[in-house]
Amino acid sequence: MNVRPAAVRISWLVGAAAFVLLAVVLAVAVGPTSIDPLGVLAETLDAALPGDFDSGLNEREVTIVRTLRLPRVVLGLLVGASLATSGAVFQGVFRNPLADPYLLGVASGGGLGATIAFVYDLGDGKGLLDMVQIFAFVGALLAVAMTWAMGVLGDRTRAATSLILAGVAVASFFTAIQTFLQQAFTEDIRQVYTWFLGGLATSGWSEVSQLLPFSVICLVLLVASCRMLDVLAVGDEEATMLGMPVGRVRVALAVLASLLTAAAVAVSGLISFVGLIIPHTVRLLFGSNYRVIVPLSIFFGAGFLVLCDLAARTLLTPSELPIGVVTAFFGAPFFVVILRTANR
Amino acid sequence: MSVAASNLGVTIKDAALLSNVSLTAAPGEWVSVIGPNGAGKSTLLRVLAGVLPHVGSVTINGADVAALPPRERAKLVSWVPQSPTVPVGMSVLDFVLLGRTPHLHPLSSPKSSDVELGHQTLDMLDLTTFAGRRVDTLSGGELQRVAIGRALVQQAPVMLLDEPTSALDLGHQQDVLTLLDELRGNGERTIISTMHDLTLAGHFADRILLLSNGSVAADGPAATVLTEANISKHYRAKVLIRNVQGTVVISPRIATPSSFHLPAHFHQKSPEFDHPEDHNPDSPTHQEGPTAMSENSTEPLTENPAENKSTVAKSLVVVNTGDGKGKSSAAFGIMIRGVARDWNVGVVQFVKSGDWNVGEEKIGRQLGVDWHNEGQGFTWNSEDLEQDKAIAQQGWEVARALIEAGEHQLLILDELTYLINWGWIDPEPVYETIKNRPEHVSIVVTGRDAPEGLIEVADTVSEVVKVKHPFDKGIVAKKGIDY
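Residue numbers (the numbering used here), protein chains in the order written: chain A, 302 to 645; chain B, 1180 to 1662.
Treat the hints as calculated values from the structure; they're not laboratory data.
A virtual CB, placed ideally from N, CA and C, is assigned to each residue, including glycine.
Relax, there's no trap hidden among the hints.
Here are some chain A residues pointing at chain B (derived, C-beta under 7 Å):
1) 535
2) 539
3) 546
To spell it out: a stretch of chain B is covered by chain A in this simulated footprint if at least three of its residues, at any positions, have a beta carbon under 8 Å from a beta carbon of chain A; those stretches are:
4) 1248–1254
5) 1272–1281
Produce the entire structure from the sequences given, and follow the hints as far as they go.
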């Protein structure tokens, strides 16, 4: 009787939270101006919690922490959590270990949307409800819908393969249009290029406030419904016999995950592989149940992206590396490993 | 709960998988769906579960199954698939608890009462210690029981089981089916299962539905459905049906056991064995060679010293021995004579492979001879003497059973002498069995160095003497001549 159903253990949550906090403090403390980590911790808690207490930092440091580094770090947390969690959910929804927002065409859809907004001067990619972000959002959703429709139309006995192939086809198609626009409007190429590589550079809290509502709502709903992903794991037919309205559940979860991805991509540009690396790492460390994978992916995705951003900011000081380069550097080899084990 | 299905039809890509199938099950009844591969058994279960588009209607207690939301349907019907999908990394307990899905709010987790039910169910299925195991590490039989556990915790009054015991060993088959039988209670659970094992189907089910080509071929109690005629017609199988203590027992009547292969080195390493039989390829002859069998059907050779006049014996024991080639060849000549007289002829080969004896075995089987290769698994390796001995004893048991059964007029026990000479089988019972055989069973024994006891019980004993053997000059066995 001592065997319990799979669930997130308190100790895992504490560990995951500690990892996130460590990443935050490190990322805020390190930079052109080094700041005392303990002061950073105090100042961060001061910013996060109600009430007011003295962190021991001077005014300049407080400004750096509060208006420069903390917004960027918080944005990193949100984007990382969103990408990792939507990756986990896509893997469950499509019963495919290779499902990742990037591979499902979300990224190229978002890229096309953003490019359209740039070249027609609809926005500059900055600020709340900017057209670049809205277009990226719409493009990303459209791409997932197309990939999914094509994947479902394909060979059902090899659904996993046909979905990935559909993602490749959709991504190529969107990229083709995007490249055409980019070449036709070369004056915007630098803007487009920067957006494409992804980045968390911010000027204040506007991106955070744009992403926050989407992230929080979607993440809460996905964590609440992650047991359904475990039911889906036995396949459509058995899940139906177990009383699950498979079609509706799949649409609902895929829409939530797509919203989450699109919201993140719209503010951060394209950051690949987070949705693949994090859920699989969690799976390896803590087990294969989505009741464990989804909640823990939030924490590890958040902390991981903040650390990647720290690397992107500091490796080539004073210039900045696009964060997508850092995640791809870790992600591509990881992808090969997953591919090998998935094809076992 | 009662299940009623009428005029069900399923057509996929112009192929009618089911047509006009009707089925009813009273509350607490167990209906077993049988039929050959591809008859539509699994399709029927899927239709009953409401997950396959179909024409016709399925009702449970009067409610249309197809119209129910999945959740409500799952509270009424549970399903055990033939080969459950295995989610990698999921524990057995978690897998079983998936069965609670229709009883849980979509956003909530199993409660402690659910977990307790899961553990109890695992206990019932002899899976107590498996709770923490990953389902992807289970054996087929374990997985099948776990899937039954998942259906049980679903607590649906109607259970559909698709080949629930196909991967189970005999003990677990009986345990699981008895458990299901008990769980039917007093009309509390209705069971509809497909079954390949017809004896089990007939034993446990109240009614049998025989499907063939997507249609109902028969429906009724086991005794009326499980008939030799039905099984012969729809399964194209020859069976023997007996009634043992109220259970219809179906046993196969296998005409041709499959052949098997000995290692290739058998040829080279065992030249001392008489096979292949040798006739001189330069002088093909219709006569049997050195054994000089003189009996034939018109002039029965029956020298019974007790009588002066020639008489026809009911049967004879012929022993072909000696170090020359031709002992088995002569025996197979007798085999052909037996076949020509419309006898039931059986051959038991003790130290040969099906591979090796293609010639005589092929023609023997074509002629309807009951052919038993009992030499399978001989290793010719002294380390495995115990195994060889066991195989030899098993082979002799087959031969003994055939002799005592009395179903054959002629039995050829090819190379039996080696089993005796090497001490693998106890000689006395062999002589006793041959001596006390049913009076119409003739026996031909071949092999070198026929022991005294065997010669004593034989009527005809011939010795084939080697004058020349091609193997002495390094000439290997010749196909068509030697085998």
